[in-house]
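Assemble chain G onto chain A, guided by the hints.
Residue numbers (our numbering), protein chains in the order written: chain A, 7 to 333; chain G, 1467 to 2022.
There may be inaccurate statements among the hints.
Claimed, not checked - Below are the DSBU-like pairs computed for lysine-lysine, each with C-alpha atoms no more than 30 Å apart in a straight line:
1) Lys178/A x Lys131/A
2) Lys1860/G x Lys1921/G
3) Lys57/A x Lys1672/G
4) Lys131/A x Lys1720/G
5) Lys1720/G x Lys1761/G
6) Lys57/A x Lys1654/G
7) Lys131/A x Lys200/A
8) Lys131/A x Lys1672/G
Everything labelled a hint here was simulated from the structure, so no lab data went into it.
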Amino acid sequence: MNWIFLLLLSLFTPGFNTAHTNNWAVIVDASRYWFNYRHVANALSIYYSVKRLGIPDSHIILMLSDDMACNPRNPTSAQIFNNRDRHVQIYPDDVEVDYRDSEVTVENFFRVLTDRLPEGTPRSKRLMSDENSNILVYLTGHGGDGFLKFQDTEEMNAMELSDVFQQMHEKKRYNELLFMIDTCQAGSMVLPIKSPNIIGVGSSTVGQDSLSHHGDHEIGVYVIDRWTYYTLDFLEKIRPNSQAKLKELFRVYSTADIRSTPQYSNLKLFNSRSIDKILITDFFGSVRQTVLFNEGTVEEALAQRTVGEEALFLVPNNLELVSQLPF
Amino acid sequence: MILLLRAVAMVTRLLPLLLLVTTTHTTETYLEHLDIKHLPGSKVHTEFTFTSTSTSVNGRDFNILPRPLVQIILSYEVEELSLTLTQGMWRDRLWGFTENTAPPGAQFLVWFGGKSETVDTRWQHVRNSISGITCASLGSLSSEDTVSPLFSLKPTGLTTTKGDRDYVRYGVSPAEVVCTENLTPWLKLLPCSSSSGLASLLDSSKIYNTAYHSLSLTVRRIRMGDGIAWVIEQRISLVFAPLQLYGRASWSMKGLLGRTLVDTCPVASSTTINVETPGEGATVTPNLHTPLSGKGVTFDAGNITQTKILNVAVNIPDNAGPARVVPPAIHVHTYISRISSSSSGHIVTLFTNNRDTDITVLYMQVVPWWLRLYVHTMSITDLSSSSSPITHEKLNLDLARDRETPYTLEIVFTIPARSTAKFSIQFDPLLLRWNEYPPDAHHGRHIPSGVVSYKDNEQVVRLYSDSPLVYLPTPDFSMPFNVLCLVSTVIAIVYGSIFSLTTKELACIKENEVKKGLLIQLITALRGALKKQETGSGVVKKEQTEQNENSEGTKK
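This is chain A alone, in the form it adopts within the complex:
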């Protein structure tokens, strides 16, 4: 009976014909220093949108190369804004930054994506995705033809990144992946990607610069980049149950507005669906298909759960206080 129910449900529910069961997001700001405030604001804005649309903190890996909020130069203490009118504060009380300061390196980024982390790495720092995960990877920083600069000291090569994506494909670590990158000449990072089921969007083509949008006079620096600004403009209108498609987002990127031409990766490699059928919430949100079962009760289910042997607080019998000082 149940399988008939499921079959009917999958046939008649619009938009739920994807194979993914969970969503992850990896959001990275690769630049350090106060004058790169806008890159931190870019990353935090995407983090804020993705949380608002339903992805929980446990499924988001946020890497920020520098601390802007508690920076002594910040006139608005512990607050970061991505707009001059300061409507939204994107560093709210429930922010969780997983990799901070000098922990954000090319090596750590690749280790997170390929899950080759040292033993004992806490869960909040691991990307525990599987073949049914849809992952959003967002990078921002300074870049050039074929590279992205990390922390002003090292570079991530476009070829290395496409190799890491291929490793992810071979290890079955994603179902579909949306790769967004907002840097100068971002297209050079997107073009070498040859792995299936990855859509790459760069904010500019090879040879073009991505520009910043506007600045805040009190903070004293640019607060948001153009391409991210228009992406957020679009995302602000999306609700968790929105049926908007990815093609509508790409249509928002007009060269006149963002003053650079976005570069897309080879969309033919995305063989499962075309972009006018992919929902925005497939990557930015975490909307799940709920199936109701009529069998059994909650009490019965809980009773069936076996309780394992839990560790005990052992109370040793040789506990004593020790002298604090050797004199």
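Then chain G, alone, in the frame of chain A:
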């Protein structure tokens, strides 16, 4: 109607308290306390303390203790844990003595039980787990920053280790930033989180705008009745400057913290606020307080918030004198003295004894391996009596191994009454490998603060000195790129030339067999025309005969 609702709310609030107090021989208590003191310079020191105690023996029936933390303690057999995250220094010369201070940055101290051979792996796991639940980058504290002190930092609670240094690990990251992402998970460890009780007063945009802020988490065991109890103490210490925030010395909770106390945590057995009165003429409002023996007043917030919203305020008149503080017995100051970033220098620590009696101190200084110390230059002198030397009573010196462990210096010596002692040691900065520098290498790197312990009226006091910033001699980071360019150019020119010379041959060919380009044909034609004008008909004949020959050739 409102009274009825309030009554219902009160009953529902008390119900879980009745259920929690005793469950299968486990006694759990949770206390919230706020201490407010006035400091000179019109500053206000607020210290929130959240204490959870549990006598849970089997590790299963606890309700107040935070499960993530308890699981880490159980799995890795931790006996005592202390984590502090601090921004700023406690200026004891200005603000006087306070019991709980912490060094700037992140400080992590763990005492382990169990076998000493497994302590290193357990230290790595505990560091990573705690960094996961507090968003602090403790996972990157490697063996380069970890020490096992011999005399200092003994466990303050019950332990099986007898204070043996094999079981302790201490790591400091002086440059660690403390921001909202550290506060949020720290608050989540509390039973009521930030939804009610004193923790609901903490707003990140207000508490990070302070002269000093420090979060601390300590876990230890104490004796309670016949049994043993685990005590988890979370403390947040803040120094506000109302004069800078809104131009007046008078302050209120709403003004400093941005919030007022609406209700208290139902699990807390007591929620109290102590306010130290700053002097004559100052008034503390609301008038619901009871006096506290000679020190100030206290509010029973649990009672008050059942009917009112509590907003503690102190009005200080303009002619009020400066606040009185207890001057510290010992003041410590560490600094670096040298000429330039690549020259050798001295690490100097000054100890000032403000009392009329000699005080014996234990001084621990961790120095990173990249400052090579000259141990024979270590000296302690009494500056107040023409630099006469002070002999140390105990000394422990752990030498550094490059890229493995730092130096640990531990010295016990006595500072004479009303004198200043100067400890100094000479060092040479090392040039690191180019990939060992932190991302902003020109900022410099911090040396961990010194830890000074002494006894004051049978109570052990721990002080922390400054964490000086050392400029490292940095290489030219563009050198690898420059070298590659230069070498590639040289190889291209040299190799290219040799390749051309060795693989190409010079051969002779007739001139008219060579097919010439259009430009060259034009140039030769022009030249021919010029020569024709110069030499006259002879050349014309020659050309004509050549043309005849050519035309004859083609005819055939």
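Going through the hints against the structure:
A C-alpha spacing of about 19 Å is found between Lys178/A and Lys131/A, which places the hinted pair at or below 30 Å, so the restraint holds. Of the pairs offered as hints, the one joining Lys1860/G and Lys1921/G holds, with about 16 Å between alpha carbons and a cut-off of 30 Å not exceeded. For the hint pairing Lys57/A with Lys1672/G, the CA-to-CA distance comes to about 24 Å; that is within 30 Å, so the pair holds. Of the pairs offered as hints, the one joining Lys131/A and Lys1720/G is violated, with about 37 Å between alpha carbons and a cut-off of 30 Å exceeded.
For the hint pairing Lys1720/G with Lys1761/G, the CA-to-CA distance comes to about 23 Å; that is within 30 Å, so the pair holds. For the hint pairing Lys57/A with Lys1654/G, the CA-to-CA distance comes to about 18 Å; that is within 30 Å, so the pair holds. As the CA atoms of Lys131/A and Lys200/A are separated by approximately 27 Å, the hinted pair is consistent with the 30 Å bound. Straight-line distance between C-alpha atoms of Lys131/A and Lys1672/G comes to about 29 Å, which keeps the hinted pair within the 30 Å bound.
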